[in-house]
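Use the sequences and the hints to build the structure in full.
Chain by chain, the residues run as shown.
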Amino acid sequence: MAELEEMNMIQALNQAFHLYFEKNDQAIILGEDVGTFGGVFRVSQGLQEKYGESRVIDTPLNEGGIVGTAVGMALGGLRPVAEMQFSDFSFPAFDQIINEVGKYRYRSGGQYHLPMVIRMPFGGGIRGGHYHSQSPEAFYCHCPGLRIVVPSGPYEAKGLLLAALESEDPVIFLEPKRVYRSVKASVPIDYYTLPLQTSQIVQQGTDITLVSYGAMLQEAKQAARLAEQNGISVELIDLMSLLPCDYESIEHSVKKTGKLIVVHEAPRTCGFAAEIIAEIQERAFDYLEAPPVRLTGFDTPYPYTLEDHYPPSTDRIMMTIEKTFSY
Amino acid sequence: MNRCSILNEDGSIEEEYSELLPDEDLIKILKLIIYNRVFDNRMLLLQRQGRLGFYLTSTGEEAVTIGSAYPLSDEDPIFISYRELGALLWRGVPPAMILNQLIGNEHDAIKGRQMPVHYSFKDYAIPSVSSPVGTQLSHACGAAYAYQLQNKGLITMAFFGEGTASTGEFHSGLNFSGTLNAPVVFILRNNGYSISTPESKQSNCKDLSQRAQAYGIDGTQVDGNDLFAVIHSVNQAVDKARNGDGPSLIEMQTYRQGAHSSSDEPSKYRANTEEEAWKKVDCLVRLKRHAIWKGIWNEDESKAYEKEADDSITHLIHNSSAYLPPAVATIFDDVYEVIPNALLQQKEEYLLYLKNKEVRNG
Chain V
1 MAELEEMNMI QALNQAFHLY FEKNDQAIIL GEDVGTFGGV FRVSQGLQEK YGESRVIDTP
61 LNEGGIVGTA VGMALGGLRP VAEMQFSDFS FPAFDQIINE VGKYRYRSGG QYHLPMVIRM
121 PFGGGIRGGH YHSQSPEAFY CHCPGLRIVV PSGPYEAKGL LLAALESEDP VIFLEPKRVY
181 RSVKASVPID YYTLPLQTSQ IVQQGTDITL VSYGAMLQEA KQAARLAEQN GISVELIDLM
241 SLLPCDYESI EHSVKKTGKL IVVHEAPRTC GFAAEIIAEI QERAFDYLEA PPVRLTGFDT
301 PYPYTLEDHY PPSTDRIMMT IEKTFSY
Chain R
1 MNRCSILNED GSIEEEYSEL LPDEDLIKIL KLIIYNRVFD NRMLLLQRQG RLGFYLTSTG
61 EEAVTIGSAY PLSDEDPIFI SYRELGALLW RGVPPAMILN QLIGNEHDAI KGRQMPVHYS
121 FKDYAIPSVS SPVGTQLSHA CGAAYAYQLQ NKGLITMAFF GEGTASTGEF HSGLNFSGTL
181 NAPVVFILRN NGYSISTPES KQSNCKDLSQ RAQAYGIDGT QVDGNDLFAV IHSVNQAVDK
241 ARNGDGPSLI EMQTYRQGAH SSSDEPSKYR ANTEEEAWKK VDCLVRLKRH AIWKGIWNED
301 ESKAYEKEAD DSITHLIHNS SAYLPPAVAT IFDDVYEVIP NALLQQKEEY LLYLKNKEVR
361 NG
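Taken in sequence, the protein lines are chains V and R. Counting from 1, one number per residue, gives the positions in the first sequence under the numbering used here. Counting from 1, one number per residue, gives the positions in the second sequence under the numbering used here.
Cut-off 27 Å, straight-line C-alpha distance, at most; resulting in silico cross-link-like pairs (BS3-like, lysine-lysine):
1) LYS347/R x LYS255/V
2) LYS122/R x LYS152/R
3) LYS206/R x LYS240/R
4) LYS152/R x LYS50/V
5) LYS28/R x LYS279/R
6) LYS268/R x LYS206/R
7) LYS23/V x LYS152/R
8) LYS31/R x LYS294/R
9) LYS294/R x LYS307/R
Ranges of calculated distance between the beta carbons of each label pair, as one might list FRET restraints:
10) ASP245/R x LYS23/V: 27 to 37 Å
11) LYS50/V x ASP245/R: 25 to 35 Å
12) PHE91/V x PRO198/R: 27 to 37 Å
13) GLU349/R x PRO301/V: 30 to 40 Å
14) LYS50/V x GLU16/R: 50 to 60 Å
15) HIS142/V x THR197/R: 24 to 34 Å
It is worth saying that the hints were derived from the structure and are not from the lab. Idealized CB from N, CA, C, for every residue including glycine.
Here is the structure:
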């Protein structure tokens with residue numbers, strides 16, 4: 001049995017980077033304040049001391065330049081990690097991500113590909129107003145060629161990050177910053193990867209399928225536990241990878257439960273919940289016993305003072321479970 | 001800043017530049033410029049006949065495209081824009097491969113995935129072209145940095161137009177190259193127009209090479225219709241990059257003699273007198289004058305080579321037009337390393353639909 005250690009997500013990500021840099025000379029990380037300072041969230045702490053300024057690079061403040069330069073580094077034989085300080089600041093790099101990163105393998109007829117990871121802390125709950133709180137996954141999920149990966153806790157973060165770093169496809173790695181330090185878990189200290197493109201069943205159940213990802217897993221877990229106490233058996237699925245998405249597991253679960261709730265923090269309209277529900281209705285329409293429900297952030301920008309009202313709370317998830325259960 | 005210019009009006013050059021370009025290479029480049037023009041004319045004609053979806057000529061800018069590629073090693077990646085046929089020809093990309101891309105047939109290196117002139121030839125170190133201009137500047141920077149870090153001895157070159165110099169990508173590419181000391185040579189192909197918009201409306205700056213100073217890198221302005229000036233200036237930038245002394249920006253002043261693309265009509269926005277004036281200082285006219293002054297070329301040879309190029313292109317068109325389009329199933333390839341289940345399902349559904357459609361239609 002591998003040795004375990006209690007750690008938070010920042011520590012887990014940091015450990016993943018140290019392990020990866022140690023075994024891979026092609027590893028390189030670039031972004032704003034990632035070097036000397038170790039990143040504003042300290043995810044890359046200690047890397048520059050160990051691997052030097054040429055592989056742990058403090059860049060100019062320019063997200064398009066960071067992603068574009070990382071593309072070139074990947075073409076030049078390195079395995080770059082580009083950090084967007086907050087996902088809200090990834091939009092100046094949108095052209096590079098959508099038109100270059102997502103399409104390079106395809107448009108070169110498979111002659112070139114980009115093994116690179118673009119990391120972005122995302123989501124609200126840190127009093128960041130609407131420019132440090134957004135959840136941009138739906139934008140990126142609409143771009144073929146990208147992988148979109150979202151860990152929910154420290155164990156998932158380390159295993160998924162190492163898998164993303166090993167991937168030959170470009171990965172957008174969305175880190176739920178609300179749980180960066182608030183959640184601790186037992187994490188193997190050795191190198192391990194978790195499969196991309198697979199979800200995990202967090203809690204098994206028979207009455208309702210509850211699907212979520214990222215920071216919302218915390219509320220979803222609590223709600224599932226409370227529901228259990230009230231006699232409702234909830235099967236909770238943590239997606240982990242949004243693109244490609246493990247529809248098979250959701251389909252399998254919904255065929256068992258007949259009911260589906262998808263929870264995310266991003267706004268509702270054209271959000272990823274809509275995609276999951278559409279897909280499941282096509283695959284399992286005859287099995288549905290209640291209307292599938294999207295429980296999401298509002299179609300408003302993320303508020304500042306009133307931010308606690310924005311993401312679905314444990315209580316709202318609980319109520320939605322009860323309502324769907326008794327439909 | 002003084003603009004670099006070497007060829008004299010009478011076709012002569014000063015003694016100090018006599019070693020710059022061996023006669024053999026001079027003749028090779030002269031022929032490539034002729035070939036480039038014949039190719040452009042034939043492709044434009046194919047487009048007019050509806051046999052090509054789109055085309056962009058580079059007539060008039062060949063001294064820039066060929067002369068800039070000339071000092072590079074064959075392994076140095078060239079991040080082209082979409083008007084650098086000459087660089088591909090100098091690099092040795094077979095014209096048949098170029099034509100297969102333009103047509104988008106089953107032998108197209110990029111499997112018919114992009115519009116004509118959006119080339120990519122990995123075997124010739126030509127990465128992939130995209131339509132949003134300028135993104136390739138930071139790619140060239142990143143790749144150059146990667147080679148330097150891995151001690152591979154390679155440098156990169158990026159081509160772009162003066163319109164691209166207005167984009168944020170220009171700023172990103174040059175600023176990152178400066179801070180990273182990346183061995184990259186930026187070739188600003190100033191041909192006077194971005195579709196219909198003249199250089200004067202792109203910037204109030206009269207000397208775009210000056211912008212290099214703002215990034216702490218070297219900038220030069222060059223007479224881009226003077227092959228010798230192009231090679232001389234790029235030689236210096238390449239040596240500098242190769243020695244680890246960082247990036248350079250070279251503004252090549254030239255003129256887009258043709259339309260922006262096969263969809264454009266320049267008479268709506270520029271005067272014929274302007275076009276005529278530039279033709280007098282055309283790169284081929286001046287290079288021929290030099291070769292004749294040197295006694296190694298004559299007009300009859302030009303005519304004969306034009307005919308030879310035209311005949312060989314006729315042959316190429318005949319061959320490449322006979323090839324089939326890529327197989328429909330390839331639409332779904334190369335999105336990811338391994339096709340995801342959901343995409344595989346779309347592929348299977350569509351192929352089944354096509355099969356059934358065939359059956360339905362007998």
